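Given the coordinates of chain A, assemble chain B onto it according to the supplied hints.
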Amino acid sequence: MQNRPLSFSVDIKLNERRNLANFDYSIVLAVLLLGLFGLAMIYSASGSYALVLRQAMYFLLGIILMITAAISNFRKMEPIYLNAVWIGFFFLVLVLVLPNSGNTNRWINLGFIGFQPSELMRFLLPISAAAYLTRNPQIKFSDWMIVIVATLLAFILVFLQPDFGTSAIVLLSGITPIILSGLPWRFIIYSFLGGIGTLPFLWISLMDYQKERIFTFISPEADALGSGWNIAQSKIAIGSGQFLGKGYMEGSQSQLDFIPESHTDFIFAVIVEEFGFIGALGLFLLYAFLIHRLLYVAKSSNSKFAKLVAATLSIILAAYITLNISMVVGIFPVVGMPLPFISQGGTALVVNMITIGIILSLRRTT
Amino acid sequence: MNNYSRKRFKEGEEYSRALFFLSPFIFLFSISLFQVLNLTLLQGDKYQTIAESNRIYQKPINPVRGFIYDRKGILLAENIVQRDLYITPAYIEDSSKTLLTLSNLLNVPYEILEKNFSKRVKKAKKFDSFPLVKALNEEQIAKAKVNLDSISGIEVKATLKRYALHKETLAHILGYVGDISSDEIKRDKLLSELQNTQIGKTGIEKEYDFVLRGKPGIQTQERDVKGKLVRVLDTQGAEDGKDIFLTIDQKLQDHLFKLFKNRRGALVALEPKTGLVRALISSPSFNPNILNSIVDTDKVESLFANEESPIFNRAVSGQYPPASTLKPFVGLAAIENEVISWEKKIKDNGKFYVDGDPRPYRGWKENGHGRVDMRKAIAESSDVYFYNIAYDLTLSGIRPMLDNFGFGKKTGLTDFEANGLLPDKKWKLGYKGDFWFKGDTINLGIGQGYILATPLQLAMAYSGLANRGIIYQPQFIQPEDEKSFQPKKIAEIQLSDKKDWEKMEQALIDVISARNGTAHKVFDTNSVVIAGKTGTAQIKSILPGRKYDAIRENPALRDHALFVGYGPVEDPKLVVAVIIENGESGSEVAAPIVKSAINFYTGGFNAE
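If you're matching them up, the sequences are chains A and B in order.
All residue numbers for the first sequence refer to the working numbering, where the first residue is 1062 and numbers rise by one.
All residue numbers for the second sequence refer to the working numbering, where the first residue is 23 and numbers rise by one.
Chain A with its partners taken away, still in its complex shape:
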């Protein structure tokens, strides 16, 4: 891959001062608020200081990486961004090759720390794709094809782990920059129809537990003590929170373990049980505000690369938030997806914060 100067970037007025004051601090504030709130909720849901401490360390690491990314000059980073996807592929293959306990190969254990390569891929892929697509002032049709091939490859690797939820996100993260960068609508429509055509094959390749989740979503009451139980308990927790909630650490559904995965995927149920509709509304507003500010970066940037990266990463973040919450409130099938910045889980937290940092770095060039 050759590293030549970007021909269209000459128009951009670079802010020579590496001025921290140029950040959108409301984004940083929102993320810190969400992260701290997450730590508090993880403690309420799990009752474990150890877990909170672990998450806090990831949070700290996340803050450092976020700031590092934020103050970096994205233009100088571009060659790195362009090739970052190879790191993602390396780990995705590695995780499949390495022997793992259990039925799934999702984790890479580096001894002192473990992480999920799929979480890495869902932000490396769109960044590399954006860099690749915008390396020339004009996008060739073959560029899109190459990105599509890379995306499908990444999707299959994650799907094989198997991880249905994240593979869908990876797919989304690769396709978004393609579409945003101007792929003609008729190709989009053809691919969409083609995608629907592959659904039956996808269905065949689903694991039993994944099929069960979809069945459960279609008819949760059919098996109230089996797989529908999780969603039923989650709804009970949310509903019983009523207007003001039961109070921090006072939610019976979460404290007595009726909510499954209460400190990870289902943490939203704990939040609503303990802080009620008001708490949920506050969280919705905070998330909406965050996404809005992140999209503003995409809107206000003059750089095509910045637009693509900021918009794609914002969309991925919005997808995570929306799919997690709609799953927990019972209007979407149960797919294992954490709630960004809040759910316990180090990789996701760190990746999300780096994402924010990168978007911030795009912002500072305006």
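Hints listed in this document are in silico derivations from the structure and should not be mistaken for laboratory results.
Keep in mind the model is a prediction, meaning the values are calculated, not measured.
This list has only true hints and no planted wrong ones.
Residues from chain B that face chain A, not an exhaustive set, calculated with beta carbons under 8 Å:
{"#": "1", "residue": "Arg39"}
{"#": "2", "residue": "Ile53"}
{"#": "3", "residue": "Leu59"}
{"#": "4", "residue": "Lys68"}
{"#": "5", "residue": "Gln70"}
{"#": "6", "residue": "Ile72"}
{"#": "7", "residue": "Ala73"}
{"#": "8", "residue": "Val247"}
Think of the CB as a built atom: it goes at the ideal place given N, C-alpha and C, for glycine as much as any other residue.
Same frame as chain A, now just chain B:
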């Protein structure tokens, strides 16, 4: 191809495409917010209730069942400690392996353990424990105590179990207890609060169950999703059941029960002046203690399958023809209706003919008793005399008197009583599809035919004779103070001449005391004076040309022997009705029991 995209793609379209891309998520996000609003605000109360029921576990605290005593404070039923084997599925790794170990250790078939386990494990939460084997015996307890430490999830728990001290002797009075059935819970919602406990199924145990049972307490616990106790929120102690004192005289009951050994029959002994029941026997009997254990299922089944129906309470539910024991009431009806006088004699040559019917109604004595008046007719039990007066009285003359003395009606002693049967024309038409014939009235005159009475009804009727017309409500519950006890009258029979009571009593005394009395065999100068009447109830009518001897070859068709009497006549303390099924002779088998009962009870007998 170079400018392929530029043709349509405008500057800044990235952002509008991003918004387009985002729209499904914005839509889903809005729907989610609406769903949160729906769950918390619109359905919040409903989910609040469900969350509470998830969290709260109301653990019943069983009350201690009340004891039962006899009138003098002798303990009749208590609770003993029973050790049950409890299993907690949460601590079991491999249930079939554990069950197999237990099966070998306790010598209980694996299938039974498996059945008990799978029946309960589905309903139970993980940390719930439930009984796997009830009522361990000494050997099992010893083995369990030594070995159970090595088996996790298994423990021996002590519970209280009903124990009837006098076993068979009081079985029909006390009844038995057993596990609560789902039907019973449907009828009585209070029962759902009692868990792993037993309630009365028959007898006093059932009728006074609400007194004996007490009120269960409730411990309100907070439990987690696995059913593990988190903390106790509230404890309301149980209110133990109350003790009950029965009117039964256990010593009398014990004494009489022995006399029923190897006999089928029943006895009711009560105080005529108060209605307090002092003894009540139905034989054969059963051991109530085996009915409340799930260990002896074979024994329980054989108990219910037994042809002699040991569980059936003959004393209050058995219905027998009263036979000659009915004669005093028919006699009083005849005197009252002036069909006959005390003095008038009727010739008894052993046969009685109705106009236009060549078949004779035979008396029990082949050639009759000669010329008999009422007194002699009672003492010797002349059938022909009573055929005559019954014929003259007609059904409408006899029925009111029998009705007054309580025939065909429940006495209200227990819920398990039978009605008996006091037939009338309507009944016969309805149940037999036939008209009432004169012959039916004639048979009724000697207590045969359709009429049926329970031993309890007979004792009650004779208490009316002893009390000169007053019958008191019979009861099992001992009054606090017998002397000041005011019994409830349930009948007061008026005769136009009060001397008729004495005259009838004299005839009943003659039954034993007079040389020609049917029960003179039991006459004994050491005994208190007893007034009573023998009876021999035919089960099968003797067809013309056949003799009773031919029938009696089948023991099940032999006549029932009856005797009903009271004494001492100067101050009646006890009225006793005895029936011995297929016992044939009232004077030989039934009368001695009555005599023994009265003498034992009054303490005036020394030839026992």
